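Top to bottom, those sequences are chains A and B. If you use our numbering, the first sequence corresponds to residues 3 to 289, in order. If you use our numbering, the second sequence corresponds to residues 3 to 150, in order.
Source of the hints: derived by calculation from the structure; they are not laboratory data. These numbers come from a predicted model, not from an experiment. Treat each hint with caution, since some may be false.
Computed footprint of chain B on chain A, listed as stretches where at least three residues anywhere in the stretch have a Cβ under 8 Å from a Cβ of chain B [stated by the list, open to error]:
(1) 13-22
(2) 28-38
According to the in silico footprint, chain A covers these stretches of chain B (three or more CB under 8 Å from chain A) [claimed, not checked]:
(3) 9-21
(4) 38-46
(5) 66-75
(6) 136-148
For every residue, glycine included, the Cβ atom is placed at its ideal position computed from N, Cα and C.
Here are the chains, one letter per residue:
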Amino acid sequence: MGAYENRTVPEGINVSPVHPLKDFAVLLFGVSLSVIAFVIVLALLAGYLVRYVPFSYEQSLVSRAVAPWLEPSTDPLDQQRQRYLQSLADRLSSVMNLPDGMQVTVHYVQKDTVNAMATLGGHVVVFQGLLDVMPNENALAMVLAHEMAHVRYRHPIVATGRGFAVTLALSALAGIGDGVMERWVGQMGILPMLSFSRSQETEADALALESLQQSYGHVEGAAALFEYAAAETPVLSLPTLLATHPDHEDRIRRIQVFAQEHPPAMAPQLQPLPDYMKSKAKSNESQ
Amino acid sequence: MFELILTLVLLVIGFVFGQIAEKRHFRSIIQREAETRDLLCFNERRIPQDMFSPHVTLVCGSVVVSVDFFKHFVATLRNLVGGRVSAYESLLERARREAVLRMKAQALAQGATSVWNVRVETSSIHQGQRQGIGAVEVMAYGTALVPR
């Protein structure tokens, strides 16, 4: 019996002496950073290449897939509003130096949404909800010029191209991990995309201000939408890092800086909005 | 945003509870190993002639351990870059030692003084397809020698 014995084995031989949190931090930081770097390179490349898609291709792409709510309304009042918006857009586009063959088509939509948007093919959508909170034409012109600046810089197709490329690449990575991993990589991939989105907004704001300055001789009233949005924003808002748009306060500040750098030749005059641009319920209230 | 928060919460829960469970398990393993030191275990196939007793019996112990969310997450990250998956090393160490301890408990219950030809086998009983968390089964078995 004496030849056989079980000696005590010291602890920690079969387990690597790494603190689990350290292991976690190194891996998480490394993988997240690589994903972000990869997405940035891919998005820049995609954004660069997609600019070579001719604007006419973009238009024909969208004309086949135009949503039914972009069809013009048959209501005469809606048509009147639409014509007013289009003429305002045409006036702005004359100072915006749109490249040859690029047209902006404005669509009016009878919805409460306080928003306007630019999409592929030079289509700009303005909602009645936005018109109702606009105090004057200058404020509306700022929003419209901002959306037209997106078209001018071809932001919609750049965003689409980047989105496609990054989504495709990240879903290729998804096979490696499982649900949680996929979600994490997805979230990390979105961060640089959000940053690109914010810089597009800032770029569009800058061109819109230039256009306003040229069109009206001043940028008075330009900050109206952001002031409205800043007042409406809930107290608990997303940190800038996770938002698609820059902070309202920052946008207002940039407008103020621009106004100081470009003092108007004479006292700024605000153009009123025609009465028919406000929805009936709102105009009844005010009477 | 919500998903990020959810992931972080799950990670914290996984880490806190996983670590508590692991520490407690290791303490218990070390204590029980000391208690069952007198029962000898060998992987030798032939029982030496001078120790042979006509009464031998098969004993086995098996354990299933699940990986926590934190370990699972770290291991998936590790899968991307390669290297030692230390998160799983401690898990399997626990499972192996627990399986041997259960086998020993069975042997002691039968009055055995030693266990021969001890084998340890591992199998993954749930791979964790999408959101699933993997669990591993470790089984130890051997021939217990009961003196007459």
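_Closer than 8 Å Cβ to Cβ for three or more residues is the test here. Does the region 38-46 of chain B pass it with chain A?_
holds (count 4)
*Tell me if chain A covers the region 66-75 of chain B under the three-residue, 8 Å CB rule, please?*
Three-residue rule met by the region 66-75 of chain B, so holds; n is 5.
*Check, residue by residue, whether the region 28-38 of chain A contains three or more positions whose beta-carbon lies closer than 8 Å to a beta-carbon of chain B, and give the verdict.*
It holds, with 4 qualifying residues against the three required.
*Taking a Cβ-to-Cβ distance below 8 Å as contact, does the region 136-148 of chain B have at least three residues touching chain A?*
Our answer is that it is violated, as 0 residues pass the Cβ test (under 8 Å) against chain A, missing three.
*Given coverage of the region 9-21 of chain B by chain A, checked by CB-CB distance under 8 Å (3 or more)*: holds (count 4)
*Establish whether the coverage given for the region 13-22 of chain A by chain B is satisfied; the threshold is a Cβ-Cβ distance below 8 Å, and no fewer than three residues must meet it.*
Coverage by chain B holds for the region 13-22 of chain A (6 residues, Cβ < 8 Å).
Checked against the numbered hints given earlier, this structure breaks only hint 6.
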